[in-house]
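If you want the building blocks of each chain, they are given just below.
There are 2 protein chains.
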Amino acid sequence: MSTLGFERHNHARCIRSAVDAADALCATRGLRFTPLRRRVLELIWQCHRPVGAYDLLDQLKSERDGAAPPTAYRALDFLMENGLIHRIESLNAFVGCTHPDAPHQSQFLICTSCHRVAELSDPAIERQIDTKASGAGFQPERQTLEVTGTCDACAVTR
Amino acid sequence: MSTLGFERHNHARCIRSAVDAADALCATRGLRFTPLRRRVLELIWQCHRPVGAYDLLDQLKSERDGAAPPTAYRALDFLMENGLIHRIESLNAFVGCTHPDAPHQSQFLICTSCHRVAELSDPAIERQIDTKASGAGFQPERQTLEVTGTCDACAVTR
DNA sequence: TTGACATAGGTTATACTATAACACTATATA
DNA sequence: TATATAGTGTTATAGTATAACCTATGTCAA
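So the sequences go chain by chain: R and L. Going by my numbering, the first sequence opens with residue 1, and the numbers climb by one from there. Going by my numbering, the second sequence opens with residue 1, and the numbers climb by one from there.
It is worth saying that the hints were derived from the structure and are not from the lab. Quantities reported herein were computed from a predicted structural model and do not represent experimental measurements. Among the hints, erroneous ones may be present.
Heads up, the list lumps identical chains together, so a pair's fine if it works in one copy or across two of them.
Said to hold, decoys possible - Restricting the straight-line Cα-Cα distance to at most 25 Å, the calculated cross-link-like pairs of lysine to aspartate or glutamate (DMTMM-like) are:
{"#": "1", "residue 1": "K61", "residue 2": "D23"}
{"#": "2", "residue 1": "K61", "residue 2": "E42"}
{"#": "3", "residue 1": "K61", "residue 2": "E7"}
{"#": "4", "residue 1": "K132", "residue 2": "E119"}
{"#": "5", "residue 1": "K132", "residue 2": "E89"}
{"#": "6", "residue 1": "K132", "residue 2": "D58"}
{"#": "7", "residue 1": "K61", "residue 2": "E81"}
{"#": "8", "residue 1": "K61", "residue 2": "E141"}
{"#": "9", "residue 1": "K132", "residue 2": "D122"}
{"#": "10", "residue 1": "K61", "residue 2": "E119"}
{"#": "11", "residue 1": "K132", "residue 2": "D20"}
{"#": "12", "residue 1": "K61", "residue 2": "D130"}
{"#": "13", "residue 1": "K132", "residue 2": "D152"}
{"#": "14", "residue 1": "K61", "residue 2": "D77"}
{"#": "15", "residue 1": "K61", "residue 2": "D122"}
{"#": "16", "residue 1": "K61", "residue 2": "E126"}
{"#": "17", "residue 1": "K132", "residue 2": "E63"}
{"#": "18", "residue 1": "K132", "residue 2": "D23"}
{"#": "19", "residue 1": "K132", "residue 2": "E7"}
Just need the whole structure built from these sequences, with the hints factored in.
This is the structure:
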């Protein structure tokens with residue numbers, strides 16, 4: 001089974017399991033998974049496309065009074081710090097992490113046609129980058145890999 | 001000799017050679033390397049730190065009347081389209097390309113201490129990413145790899 | 001040489017993204 | 001239940017990028 005996220009799947013279950021996983025993870029780590037943080041994570045998981053902070057904010061505004069940029073950004077910061085979402089740097093947008101339990105670097109395939117993204121999570125690539133950086137006398141801390149192109153589905157229907 | 005850019009070097013010559021190379025490249029390709037574009041490239045090469053568009057703009061404003069955001073962004077677009085500079089996505093900033101002659105993907109080491117960056121340009125990593133993406137049914141077009149951490153010099157003097 | 005076209009740059013306005021700072025509330029726990 | 005800490009509300013502002021329209025300049029064919 002592919003874990004790439006471009007394939008068809010039961011999305012309602014997909015959202016639920018992401019939120020449940022976050023719930024469990026927060027419980028384990030003693031983190032406060034507040035209604036706002038939970039809601040923001042749900043909104044991000046509505047689709048496999050990266051969501052902008054202000055798109056999120058628009059939604060939050062329609063649901064609660066007085067939502068303002070910090071409302072969104074603080075929740076996003078919490079979710080990022082705890083590995084529940086990733087930031088796609090090249091899009092200034094956020095996407096749910098598909099395996100928040102295992103620490104890993106940010107690796108994404110981004111389809112420029114349907115705008116869906118898939119998390120790559122290739123430990124071999126991660127290691128190779130790490131090795132190369134270290135070999136150059138650099139102490140690597142965080143990697144961001146973003147590959148744009150065309151996903152399977154979009155290539156077929158072209 | 002390392003090509004990583006963190007080491008000491010004759011920087012005046014470094015700028016000059018970058019601009020000369022750009023000159024030659026534009027001549028070869030029939031591109032118009034206008035005074036504005038040349039100046040923006042020079043400003044970017046003033047240091048090996050990524051430069052923000054508005055830092056650049058401040059400098060341009062002090063040199064020419066009526067410089068406005070589009071003044072900077074258009075020159076930056078030209079330089080990027082032609083591989084003379086790269087955009088560091090995680091910093092919203094721009095840095096000179098160290099080998100604009102050879103097509104390659106964006107690979108950077110970014111020191112969070114001194115804020116200098118070095119271009120990695122590792123074809124093996126590039127290939128591995130390409131292979132992995134293709135294997136997942138994705139047609140890769142552009143790769144962006146950004147590694148943050150601590151450079152050699154900063155690690156020593158800590 | 002001149003006119004037509006395309007490219008580059010000037011100018012104004014605005015959209016989009018993110019954070020600072022301070023007040024208030026909720027929660028955890030001693 | 002007092003206290004400390006974390007979370008959120010609220011207002012303001014900083015930082016990044018593009019749209020749209022206009023003028024100037026370079027290019028090239030007739």
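Right, here's what the structure says about each hint:
no.: 1; hint: K61 / D23; verdict: within (24 Å within a copy, 51 Å between copies)
no.: 2; hint: K61 / E42; verdict: within (15 Å within a copy, 45 Å between copies)
no.: 3; hint: K61 / E7; verdict: neither (32 Å within a copy, 50 Å between copies)
no.: 4; hint: K132 / E119; verdict: both (22 Å within a copy, 12 Å between copies)
no.: 5; hint: K132 / E89; verdict: both (22 Å within a copy, 21 Å between copies)
no.: 6; hint: K132 / D58; verdict: neither (42 Å within a copy, 37 Å between copies)
no.: 7; hint: K61 / E81; verdict: within (24 Å within a copy, 39 Å between copies)
no.: 8; hint: K61 / E141; verdict: neither (36 Å within a copy, 37 Å between copies)
no.: 9; hint: K132 / D122; verdict: both (16 Å within a copy, 8 Å between copies)
no.: 10; hint: K61 / E119; verdict: neither (29 Å within a copy, 42 Å between copies)
no.: 11; hint: K132 / D20; verdict: neither (37 Å within a copy, 30 Å between copies)
no.: 12; hint: K61 / D130; verdict: neither (42 Å within a copy, 41 Å between copies)
no.: 13; hint: K132 / D152; verdict: between (30 Å within a copy, 14 Å between copies)
no.: 14; hint: K61 / D77; verdict: within (18 Å within a copy, 35 Å between copies)
no.: 15; hint: K61 / D122; verdict: neither (37 Å within a copy, 46 Å between copies)
no.: 16; hint: K61 / E126; verdict: neither (39 Å within a copy, 42 Å between copies)
no.: 17; hint: K132 / E63; verdict: neither (47 Å within a copy, 41 Å between copies)
no.: 18; hint: K132 / D23; verdict: neither (37 Å within a copy, 32 Å between copies)
no.: 19; hint: K132 / E7; verdict: between (33 Å within a copy, 17 Å between copies)
The structure fails to meet hints 3, 6, 8, 10, 11, 12, 15, 16, 17 and 18 from the earlier list, while all remaining hints are met.
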